Amino acid sequence: MKTSFFAFSLLAVSAVAMPAQADKLDDIIASGTLRCAVVLDFPPMGSRDENNNPIGFDVDYCNDLAAALGVKAEIVETTFPERIPSLMSGRVDVAVASTSDTLERAKTVGFTIPYYSFENAVVANEKVEMATWEDMKGKVVGATAGTYEAIWLEGKVKEWGVGEFRPYQTQADVFLALSQGQLDATVATVEVSEANVKSGNFPGIKIVDKAPMVPDYVALITLREEYGLINYMNLFINQQVRTGRYAELYKKWVGDGEPASLIVEGVYR
Amino acid sequence: MFNYNFRWNQALNSLPDMLQGALVTMEIAILSMVIGISVAIVLTLFRLSGNRILSAISATWVEIARNTPALFQIYMVHFGLGGFGVHLSPYLSLLIGIAFNNAGYLTENFRGALKAIPDTQTRAARSLGMSSIQAFQSVILPQMLRISFLPMTNQMVWAILMTSLGAVVAMNTDLYGVTSDLNARTFRTFELFAIAAVIFYVITKVITLSARLLAARLFRY
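As they're listed, the protein sequences go chains A and B. With my numbering, the residue at position 62 of the first sequence is 49, and numbering never jumps. If you count the second sequence from 1, you need to add 10 to reach my numbering.
Where hints are given, some of them may not hold.
Below, computed lysine to any residue pairings styled on SDA-like, alpha-carbon distance capped at 25 angstroms [as the list claims (entries may be wrong)]:
1. A:Lys124 / B:Ile106
2. A:Lys143 / B:Thr196
3. A:Lys126 / B:Val44
Chain A regions said to be covered by chain B (calculated; three or more residues, Cβ under 8 angstroms) [as the list claims (entries may be wrong)]:
4. 90 to 104
5. 131 to 141
6. 149 to 159
7. 163 to 172
8. 244 to 252
Rather than coming from a laboratory, the hints here were simulated on the basis of the structure. Only a predicted model underlies this, so the values are computations on that prediction, with no experimental measurement involved. For glycine and all other residues, C-beta sits at the position ideal for the given N, C-alpha and C.
Use the sequences and the hints to build the structure in full.
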């Protein structure tokens, strides 16, 4: 009697303790919605159209991913510094937010393979004498807080030991400060720089030079332990390129020309 | 659902940088209070002067400082003045923005304090042969500052918390700025901000407690 009761309770406990583990990938498919964090003041990757609807490369990319999963996409606007909190607090499932895949950050979040890569340009106020990127030495420079280029530029200013670095909260504030002459120069992605110079919203700025950084590879991010989802997204990114959808999106949002290469020469993955 | 593993070592390694940032935060808060109190006294005098233009200046200042967000005030000091070619560093923009806000609120505090001082005191002082300036300076002002001492500590706490708004004008050496910079680098958001919150709490607590002790000593009758 006693033994059978013991055996029964052991069975009951193990049944409770070991349900089939549903991971994030299952959760998304079951819930029918994929929630993506997208930064919407970062054209052409993310912005809003005149009706205030989210548009851009990252928005389309999220929609494609949702379509592949067979679920509805939900765009959750975020800022660069808020990407991680919204991921960790479960407000979003993935961040499609041009996140640079640094090793430091990979200790905290899970990165896919790169889905895009940026080159960065040095943009300066027209009144400032600048010929190359090295002329930024000793000047007042700034960039969008929390971005790859901001981390690089701040490092450079520290290395030079002269000049001043200012991290503004949004890309728009950086270009406003640059246009007003509060900043002498900034480093921003070529895409953003060209869009902002062309738009005419920020008079008095010019593109000076390319920034001598390794290409800024950006990846999708989710929780570090969600291997199932990361694995799925890796294949998805590969398929986007394979099917020509990547080139199509590049043409639609960035412009004509060769889509940014996602290949790192001489190494796997 | 809160899916996060706390790992403190990386964040704790940054503690010296954050404490350095806390010093800058305190420095800005203290300077902004000193400026704020001085300006508020002047604005109070403007209001009492009976001159229509001067009291209008004082009223406008108080209205704007109290009825618009501090974030907006700081942003306008940096980008608003920037549009007119006045370029202030992030440090100065933040300091001036907070001092502007402090001055507005403190002027209101002083007004309340003045109301608590009976008019008869001014009259008594004047009948003793003091000039109106002397009467204000040696009879009214000390009492005004005494009555509004604790509200002033409130404002001081508020000034410390307001330094975190410096992020909008690219301030990166104060406690909030240092924390968010480290966050961008490491993505250890919750650890870093938890530590920053504790530092903020300790600073403000120390200030309120020491103000209370100081008040008990200074204002013994």
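**Request:** Provide an ascending list of the numbers of those earlier hints which the structure does not satisfy.
**Result:** Result: hints 1, 3, 8 break, sorted rising.
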